[in-house]
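Peer 1: Here is how the chains run, residue by residue.
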Amino acid sequence: MSETKKLDGRKIVSEIFNAPWLLTVLAVVASFIFGGILIAASNANVQASAGYFFARPGDLLAAIWNAVSGGYEAMFRGAIWNYRADNLLSQIKPITETLAFATPITLAGLGLAVAFRSGLFNIGAKGQIIFGAMLAGWVGINVDLPFWIHFPVAVLAGVAGGALFGALVGFLKATTGANEVILTIMFNYVAELTLTYVLKTPILQAPGAVNPVSAAVRDTAKFPAFSDQIRVHTGFLLMLGCVVFVWWLLNRSTLGFQFRALGHNPSAAKTAGINIGLTYVLVMAVSGALSGIAGATQVLGTEKFLTTGVAASFGFDAITVALLGRNKPWSVLAAGVLFGALRAGAVTMQANQNVPIDIVLVVQSMIVLFIAAPPLVRAMFFLPKQKGVAA
Amino acid sequence: MKLELRGITKRFGSLVANDNVNLVAQPGQIHCLLGENGAGKSTLMNVLYGLYQPDGGEILLDDQVVKFAGPGDAMAAGIGMVHQHFMLIPVFTVAENVILGHEPTKLAGVLDLEAARAKVREVSDRFGFDIDPDAIVGELPVGVQQRVEIIKALIGDAKVLVFDEPTAVLTPQETDELMAIMKQLRDAGTAIVFITHKLREVREVADKITVIRLGKVVGEASPQSTANELASMMVGRAVDLDVEKAAPKLGSASFKISGLSAWDHQGTKVLDDVNLEIREGEILVIAGVQGNGQTELTEAIIGMHGKTAGSIELDGRELIGKSVKQVLDLGVGFVPEDRTEDGLVADFTIAENLMLDRSDRKPFAKGLNIQLETLRKFAEEKLKEFDIRAQGITSLARQLSGGNQQKVVLARELSRELRLLVASQPTRGLDVGSIEFVHEQIVATRDKGIPVLIVATELDEATQLGDRIAVMYRGKVVGVVPADTPRSVLGQMMAGISNPEVAA
Chain A
1363 MSETKKLDGR KIVSEIFNAP WLLTVLAVVA SFIFGGILIA ASNANVQASA
1413 GYFFARPGDL LAAIWNAVSG GYEAMFRGAI WNYRADNLLS QIKPITETLA
1463 FATPITLAGL GLAVAFRSGL FNIGAKGQII FGAMLAGWVG INVDLPFWIH
1513 FPVAVLAGVA GGALFGALVG FLKATTGANE VILTIMFNYV AELTLTYVLK
1563 TPILQAPGAV NPVSAAVRDT AKFPAFSDQI RVHTGFLLML GCVVFVWWLL
1613 NRSTLGFQFR ALGHNPSAAK TAGINIGLTY VLVMAVSGAL SGIAGATQVL
1663 GTEKFLTTGV AASFGFDAIT VALLGRNKPW SVLAAGVLFG ALRAGAVTMQ
1713 ANQNVPIDIV LVVQSMIVLF IAAPPLVRAM FFLPKQKGVA A
Chain B
105 MKLELRGITK RFGSLVANDN VNLVAQPGQI HCLLGENGAG KSTLMNVLYG
155 LYQPDGGEIL LDDQVVKFAG PGDAMAAGIG MVHQHFMLIP VFTVAENVIL
205 GHEPTKLAGV LDLEAARAKV REVSDRFGFD IDPDAIVGEL PVGVQQRVEI
255 IKALIGDAKV LVFDEPTAVL TPQETDELMA IMKQLRDAGT AIVFITHKLR
305 EVREVADKIT VIRLGKVVGE ASPQSTANEL ASMMVGRAVD LDVEKAAPKL
355 GSASFKISGL SAWDHQGTKV LDDVNLEIRE GEILVIAGVQ GNGQTELTEA
405 IIGMHGKTAG SIELDGRELI GKSVKQVLDL GVGFVPEDRT EDGLVADFTI
455 AENLMLDRSD RKPFAKGLNI QLETLRKFAE EKLKEFDIRA QGITSLARQL
505 SGGNQQKVVL ARELSRELRL LVASQPTRGL DVGSIEFVHE QIVATRDKGI
555 PVLIVATELD EATQLGDRIA VMYRGKVVGV VPADTPRSVL GQMMAGISNP
605 EVAA
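Line by line, the protein sequences are chains A and B. If you read the first sequence in our numbering, its first letter stands for residue 1363, the second for the next number, and so on. If you read the second sequence in our numbering, its first letter stands for residue 105, the second for the next number, and so on.
Keep in mind the hints are simulated off the structure, nothing from the lab. Possibly wrong hints are sitting among the right ones.
[As the list claims (entries may be wrong)] Below are the BS3-like pairs computed for lysine-lysine, each with C-alpha atoms no more than 25 Å apart in a straight line:
1. Lys287(B) / Lys263(B)
2. Lys349(B) / Lys552(B)
3. Lys411(B) / Lys470(B)
4. Lys106(B) / Lys312(B)
5. Lys106(B) / Lys263(B)
6. Lys210(B) / Lys223(B)
7. Lys1632(A) / Lys411(B)
8. Lys1632(A) / Lys426(B)
9. Lys302(B) / Lys312(B)
10. Lys466(B) / Lys1632(A)
11. Lys1632(A) / Lys470(B)
12. Lys312(B) / Lys287(B)
13. Lys1562(A) / Lys1690(A)
14. Lys1632(A) / Lys429(B)
15. Lys1632(A) / Lys373(B)
16. Lys1455(A) / Lys1666(A)
17. Lys429(B) / Lys360(B)
18. Lys223(B) / Lys263(B)
Start from the sequences and build out the full structure, keeping to the hints where you can.
Peer 2: Below, the structure written as structure tokens:
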């Protein structure tokens, strides 16, 4: 029997997600190598010594070495361990910065992983973060309650904001058959503009403010801090809890089983009596809720007030992180920390070595590119091709 | 032209799909290549057609070694192929399809459709095909579309014609007509290679039979061999193709369909006033050419068809208007037509597939937690009970052969408390061994006093398995007849003639 080969999007995606972990590591390595080339190329000393390469080739090589090693060394100091600092707190500050960035990225990445595993391409982490942050922020700023009730209510408001905004997409898909990719992309704009609107009107704008910023979140609604000198806060622990939750959900729960069945084969899920429409709504609610928590940790912990930039680029980083972590919770955590480190390190790299901060963006983008094209990585590292599929 | 394959070997990784295969097709002869699915028939033909390069061996045409880099080379050398899935463009006319790839042109590259029409007419007349060159291919019946494929090959001056499982999509009448065409082509001097796993067809037309198993030629057989002999060669052990079953012990008519109609998305009627009744302990087979409402009927029963009217009653309870889950909960077991698409999640393990429709309830769930230990025990048990050949319960469904996949589906459906079993083409594409097993299980289910509804497109299966046969045509039940009704009568009913005794 001759099987007709189709260009099946679902199949391609499953291929990407099922590639061996070695390829993921190599994709990251390749991206850093590429980043190194860019650092070298954009370095003034390298450019100068390239002019007289044939006269004194050693100069160019030395300049390249200095540029690249200096750049990545600065990144290391900015992201992990600052060995040049003179007290412990300053020495570990970089890693705390990394974790501060990793918290929302990983949370949103987990949310997307749940959706991706269920076959839904939720590109709307940004919008879901924003709605989570808006609701959490509103409760945190405007409601007056003691900590033990105010804090959980504010966090739950964030969960609800993301969940409802996500569930709306699931609902529209289930009832009208609308494509979730288009919906979530467009809903990102809806969320952004809604945020700008509420920050420019008395709904959330700080009294007397000219800029679109909110008042500060009340102390009773803030995530408890580890120390007032570092930005990472107890939201990080909540994020770790969410990693465990998503692991349980996907691997041990009946709900997750139905999510995955839907993701792998909606026809079989339907035939087995699973309510597809309801499952779409639930998947998107869970996915959105996790992004909503990301928004809550930002506004109630890291930023402590709401601005239009609350979602930063976390929404899109989360896609890469879910992709890099192959939608597996623990790997998403690892990928989230890597991205947090890139973010944290980029600042030091620019400040100390004059390396453009955009290099990090390039590295991130290259990771996506390499992950999406396993054969390219195989070819670059001379790995054997994937075994031919027998007819 | 004489075609010879000499020592063809083709490997895919560690799998040897063709192992030193020899085959000679003489002009004026129909050479049957008989083998089970996965025996390597299609691989061999793809090698011949230039789609695969052999790892060893050579292809000879009239004793000259030839090499094909692609189908274009093979066609140019005079090899034509009629594919199982037609390679036709539905919105094009017959003439346009036939010239596709080697379009005749007039001055300045203008398409010469008149020449194409003339060619189609010429070949069509020569073999009595009766085909209008200007008909849109998509609007033609399947059997006629196949003739377009044949014309396409003949216009390319094919001296060797390969038919790859050509009868899979045909009615019995169309099959008979195709056989006649093949004989006609043979008499005109064409060498024909006929690939199939259907024994009746082989015995009818073959001049020579080569049996292939697990990529190797296991021998030649004479066209006079019995079906059981051929099947045994194909499988490599003694096989009894007859379904063993005792007379049915009938209970009450617990499953009733009355006045059932259904419409598709465009509002076309796909089921038209269907009335059926199945008694406990009885197998009713729905026979008919694929696409005459059988799929919609099973969908309507299971609660997946959108717009329906009428009534479907099981044990006095109405099924219409219930969700799939509610229908399954009432004790309906369902073996879908397309097991890889609707029956299984290919990327799930065997164990996960075994609990697919009961994942949220006892014994597999406690609260929201999956009971992994219960599932493991259950799966181990079913693996043994249903003789599912796999490395273990954590093997993925996609790694299993078709037969084993179907066993997983059966194991899941038959493990519930059933009040009705609905199985759509339960043996489609399975090897002989698995077919035996599936039939046994279905008969065993019947003997437990459960009404069974089977959709079958193969007449042999319908007459062997069924206690009664209902024939469907264009959404209607043409008639319900006993299982020992002659093939010819059933065949006419499948073509929509409701009272064949009179017509015949």
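Peer 1: Enumerate the violated hints, using their earlier numbering and listing them in ascending order.
Peer 2: Numbers 3, 13, in rising order.
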